[in-house]
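The residues making up each chain are set out below.
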Amino acid sequence: MVVSIVIVIVIGVAGLGAGPFVAAGDEDGAGAAAFARHVAPTLRDVCQRCHGPERQRGGLRLDSLAALQAGGDRGPALRPGDPDGSLLLRALRHDDEELAMPPGGAVDAEVVAAFATWIAAGAPWSDLAFAAPTAGRDAEWAFAPIVARRPPAVDAAALPAGFLRDPVDAFVAARLAAAGLAPSPAADARTLIRRATLVATGLPPTPEAVADFVAASAPSPAAADHAYAQLVDRLIASPRHAEHAALDWLDGVRFAETNGFEMNQPRPDAWPYRDWVIGAFHADLPFAEFVRRQLAGDLLDDDPATGFLVAGAWDEVKSPDPELTAMQRDDELHSLVATTGAAFLGLTVGCAKCHDHKFDPIDQRDYFALRACLAGVQFGSRPWRGAAGASEPPGRDPVDPRRNEERFAPVVASRVRFVVVATNGGEPCLDELEVLAAGAPPSDTGGTRVNVALAALGAVAHASSAYPGDPKHQVAHLNDGQHGNGRSAITAEPGGWFEVVLAQPTVVDTVVWGRDRDGVYADRLATDYRIEVLVERQGWRVVATSAGRRPLRPRPAVYAGRFDPAPPPTRRLERGNPLAPREEIAPGGLAAIDVPLALPTDSDEPQRRLALADWIADPRHPLPSRVVVNRLWQFVFGRGLVGTPGDFGAMGERPTHPELLDALAADFQAGGGRRKPLLRRLLLSGTFRQAGAPRGEAAAIDGEGRLLWRFPPRRLAAEAIRDSLLAVAGVLDPRVGGPGVSSFAPNDNYVRVWEGKREFGLEDFRRSIQLLRVRMQPDPTFGVFDQPDQGTPCPRRARSTTALQALALTHAPFVLEVAARFAARLEAEAPGELAAQVVRGFARAFQRVPDRAELAAACAVAEAHGLAAAARALLNASELSWIE
Amino acid sequence: MDRMTRRALLARGGDGLASLAIAALLADEAAARTRRRAGGPRDDRGPIRPALDPAAPLRARSPHFAPKAKRVLVVFCSGALSHLDTFDWKPELERRHGTPLPGGEGLLTFQGENGDLVRSPWAFAPQGGCGKRVSSLLPRLAQRVDRMCFLHGMVAKSNTHGPGENQMSTGFTLEGFPGMGAWVSYALGSECAELPAFVAIPDPRGLPQSMGNHWSAAFLPGVFQGTPFNAQRPIAHLSPPPKLDPAADLAARELTVELDRRRLARFPGDADLAARIASFELAARMQLRAAAVGDLATESAATRAAYGCDDADPVKAGFARNCVLARRLLEAGVRFVQLFNGAYAMGEGVGNWDGHKELVKQYSVHAPILDQPLAALLDDLAARGLLDDTVVLFTTEFGRMPTFQKGASGRDHNHKGFTVWFAGAGVKAPFSHGATDDFGWQAVDGVTTVHDLHATLLHLIGLDHERLSWYHDGIERRLTDVHGKVIEAILA
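Heads up: the sequence lines are chains L and E, in that order. Per this note's numbering, residue 1 is the first one in the first sequence, and the count goes up by one each step. Per this note's numbering, residue 1 is the first one in the second sequence, and the count goes up by one each step.
No wet-lab data here; the hints were simulated from the structure. Here a beta-carbon is modelled for each residue, glycine too, at the ideal position from N, C-alpha and C. Please note that a few of the clues may not be correct.
Stated by the list, open to error - In silico lysine to any residue, SDA-like type, Cα no more than 20 Å apart, as pairs:
id, chain 1, residue 1, chain 2, residue 2
1, L, K757, E, I235
2, L, K472, L, R449
3, L, K318, E, T303
4, E, K428, E, A489
5, E, K157, L, L579
6, L, K757, E, P242
7, L, K676, L, Y228
8, E, K406, E, T99
9, L, K757, E, P241
10, L, K676, L, C354
11, L, K676, L, A288
12, E, K357, E, S409
13, E, K157, E, L107
14, E, K243, L, D356
15, L, K757, E, Q232
16, L, K472, L, H483
17, E, K243, L, R758
18, E, K70, L, G104
19, E, K68, E, L491
20, E, K243, L, G866
21, E, K416, L, E323
22, E, K157, L, C354
23, E, K361, E, E348
24, E, K416, E, G446
25, L, K318, E, K361
26, E, K157, E, D481
27, E, K157, L, H334
28, E, K485, L, R575
29, E, K157, L, T325
30, L, K358, E, G446
Stated by the list, open to error - Covered stretches of chain E, as calculated for chain L (at least 3 residues, CB under 8 Å):
id, stretch
31, 171-180
32, 200-211
33, 226-240
Using the sequences and the accompanying hints, generate a full structural model.
Below, the structure is given as structure tokens:
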């Protein structure tokens, strides 16, 4: 596939030939800024539909400076330096009916003004603004095979010292040079350790770690390199890294621990999947295993991993209405197929449910072939084999709700009594009490021992009391030979006893009892009991008790799905309508991928999933590796080389650095699909180690920093902001694993009401990943920081800035509580010395010393209003929640 | 181009001729695709994604064309308000009372089997100047029938509350799509910088079935999410908690902004940082402004009485205050207000319109809570001239069956026919569009999907529902998915 790459390169180069991005008359950069912010987007997104490469209404194209100046049928559209003489501006101003553009209505006045500024400034131009996204052309680049690319030759002398450290840097430098840009100088040591620590772990470094690192870096560049390499290794090896990295994956597969929809009830055993993802990232599970276990962990002795399959919403409101039921099942499978496509393939497979994909080579049959691979997946929990606690301590088995056998030395009994001391809840229930005669079974029973307690043999049942008014529960059911809850006996009080009077004294040695032999009910189960027999002339004798049994506890279960061994046939749905099934579709992969996957319609359920996993993880499959390394790039730099990590199709963005993406994908495959070696390279790269300070001339060309002329600063995500506050205040509880801790007040309404807690204590200060994740209900304090709702996959979070965020940071009880604890910590660290406490606060919050003015301002607030007020101001400052 | 051919070509890749050939083919395909995407010949109908200023994302933006309305009020009756007992008069249902529903043999609806047809327990009488027959369940709203533009042929996709409410507010039955208010504030911003552009007013009894989904921003930027508050509960974290000294609060906020300003000096021109500083300043102004708008004490005694703000029933008084709050927000320039009547957490039909079991008993409780306050709100909006440029949509997630459920005295869910109405700017009134069959079961005339309803609502505020879009996960997402037609017949 050299082909697509060739095309990409050709387009890339063609788009970059326009020379330097300066214009006489634009010394202050206002023209360039107007161009980047308004002019280029308007030309690209509004004007070029009719005046671009596809169409040239009026003979006019507006996609290059030359074309603008050449103009169309009416003459030049643009005269640089002469706004009023430029037809383009007259058209946008709508002051001439005949010229007015665009036809749908005038653009905003602000945009018109930007055009005027730009033209007046000499119309500075960069073709780069038009290079991406470019729909069409190389639309199927992502389907082409990965080709290992050698890094381009670059002139090291023209780059800042120490920039070229990894092949990555050569790709970045070449792309920058083509755009007329250069990288930034290296960041200082304090910025670097803070950045690397926040990026890798989602937590700030301690002031001590920063001081040590700065000191170790000071002597020489070689010492600095050595110290930094050690730091990066330590960060990547830390469990804190995996806890942070797991969030992105959980966003991408819309994992939450509640069902969603109107009931939104919790899934108390969904957390093991979260722990599994953390563990997989920590162990750096090879990609093929990562895929196989999530799709078919039930076959691979890894139950929690298939939590992936049931991570999404599930409507627990069921109905006898067959249409509704069909629609609900359709929604379940559709969401699973769409998520699988986006998470592993970076494709919007879900778009092909109703019709062939409009932009990508995925047809409706492909969609249903994938769906057939997953058709056996049902929502729910299943036993968790190998769970911690699944191995049993010594002792007799715990009581079994279905059937228990009690053996004892043979004894001549006339009556047998089952005395209940305690149950696992409610009045006790037995569905049958059997008493077996000692000795070999009679030959005519086919080996079955005789149950002498049966009413049919003349025995009579009694009980200490009888549960009133329910025909299902009668004392006579105790020995009627019929099993199940519908033929059982319950006493009227919490304890009590059951008894059978045998027809005549008999030598017996076994009692068999159960609560519900049908296995439906497990409540009202006797957990503390004794069995007594009445021996003629000797009285009651205890022959068996519950002593020595291990305590009853629920079998470990995990919300990782159940599997229908014989899923119903998967049928193509006409226009995606579950009420219009058509021909059957066999399990398979996407036909456009050069790796075949085609299974017979009657293939084994689990094998379908395993085959799908192997198909995804096949090294010849070009998409998954590209998707993974792109996500890794996004993890480090805040934005992927492809800005749409869930869509590598025609509607997604093109990679900014297609060759780099392929080089990384090839290295990823060559390295066995492990992520940490690549992460290490990215963190050690010169690109990552650049300063983050803005440079006006570069920002004018590439305002978003997509070409990496600096390290692009960014705000932390919701969870990292919360964790940073807790860490700085010294109250972060780092324990991760096990059931989630809730930010919401307890509530057990049948429709769950998720109301945020109002009081917070130490038990609420666990790491954010350890918080119960509620679907459609963001965290009550930090959710406003663009936390996704887990309704649909979120492969890349938004980063918006709102007044409600400011209100949450200033007034939320959680933040105020943390601020008070931060103040207490500072007082303890520098008792009695306010200025020292404030200095310590800066060190903790920002790992730097305040300048004179900052110190004075913070001390003034602390003196007048208490240290907690100043502490809150530090916690609220943007510097704390920014990666610089 | 045939896929297998293309694949074969891609696989052969390297040789020069094939490269040239495939380059040409791909380019042709891409061009065809671009044309397809733009909708064939209608090339000037591509997506419109408004440019957002990070420092002021809620700044007012131009609509796509001159609008009839500047702002929207949606009144959402949660739980599925029965059209058959309110606005959809069916004489045939009255005549056939007690007989089986024709065509309903063996029908299983949401809760299962159905009994016979049951006429409305409330009498229908001609109302207003137009003489339209509506029921006596909501007597004061009935008297305002001349203001209403009814859509009697509504259909929804799901007959379950969660997905049904999701669809009515977000266009999708699934979880995770933006509410219509979020779409509108994304498109148009706000005329009032100091209040949220989109306010959701939950019922005093609690949240609706789909809870925050109604006002979720989903994949749109968080700034477009609806802000929930009502007369009972202010905006979350709006004011400092009582134990926090206001002077200390102010000093801490000023110190934060001071630190941020000094940081901006180190990062000159950083738009995100400038936006952060602006957000703290806006929060301070919002604290004052939202408190002022929420202070109903300035309302006259006559107004309070008209709405029923001091009614003996605390729920009705609470809903009445929420109605006053809605008017005050619209007056202040809030773009989109969604006012809820009914809450789910109390259970089926207890605090909402979900009348499965005992219709008469349940609706006799809920109707007075809704009737007077909402009637007063319509009057008040009209008296202040706000109805001239505000469109009001009265809606619910779906309707109810013309039968009673087997063994019960209430109606099951029915998504195949129900009624909503518009009032205010841009719509004909009095007017009725569409109809259900003789029994009120299925829409048969002027059938209107939820997508059509949304398309019409967007049209009324100057937005083209086919072009207002946001790119998410490979799709130009729209409120109306890939459906929806503006209901031209009701436009004034």
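> Hey, K361/E versus E348/E, does the alpha-carbon distance stay inside 20 Å?
Replying inline: Holds, because 13 Å separates the two Cα atoms, which is no more than 20 Å.
> If you draw a straight line from the CA of K157/E to the CA of C354/L, is it 20 Å or shorter?
Replying inline: holds, 16 Å
> Given the proposed pairing of K676/L with A288/L, does the C-alpha separation stay at or below 20 Å?
Replying inline: With Cα atoms ~15 Å apart, K676/L and A288/L stay inside 20 Å; holds.
>> What's the verdict on K157/E and T325/L, does the C-alpha distance respect the 20 Å limit or exceed it?
In response: OK: K157/E and T325/L at ~13 Å, within 20 Å.
> Are the Cα positions of K428/E and A489/E separated by 20 Å at most?
Replying inline: holds, 9 Å
> K157/E and D481/E: Cα distance at most 20 Å?
Replying inline: The given pair, whose Cα atoms are some 13 Å apart, holds under the 20 Å limit.
> Regarding the pair K243/E and R758/L, is the alpha-carbon distance no greater than 20 Å?
Replying inline: holds, 13 Å
> Between K406/E and T99/E, is the straight-line Cα distance small enough, at 20 Å or below?
Replying inline: Roughly 13 Å separates the two Cα atoms, so the pair holds.
>> Check the hint pairing K243/E with D356/L against an upper bound of 20 Å on the C-alpha distance.
In response: violated, 60 Å
> Is K416/E close enough to G446/E, meaning Cα to Cα at most 20 Å?
Replying inline: holds, 13 Å
>> Hint check: K357/E vs S409/E, CA-CA at most 20 Å. Holds or violated?
In response: holds, 5 Å
>> What's the verdict on K676/L and Y228/L, does the C-alpha distance respect the 20 Å limit or exceed it?
In response: Within the cut-off at roughly 16 Å; holds.
Violated hints, listed in ascending order, are 2, 3, 10, 14, 25, 30; each of the other numbered hints is respected by the structure.
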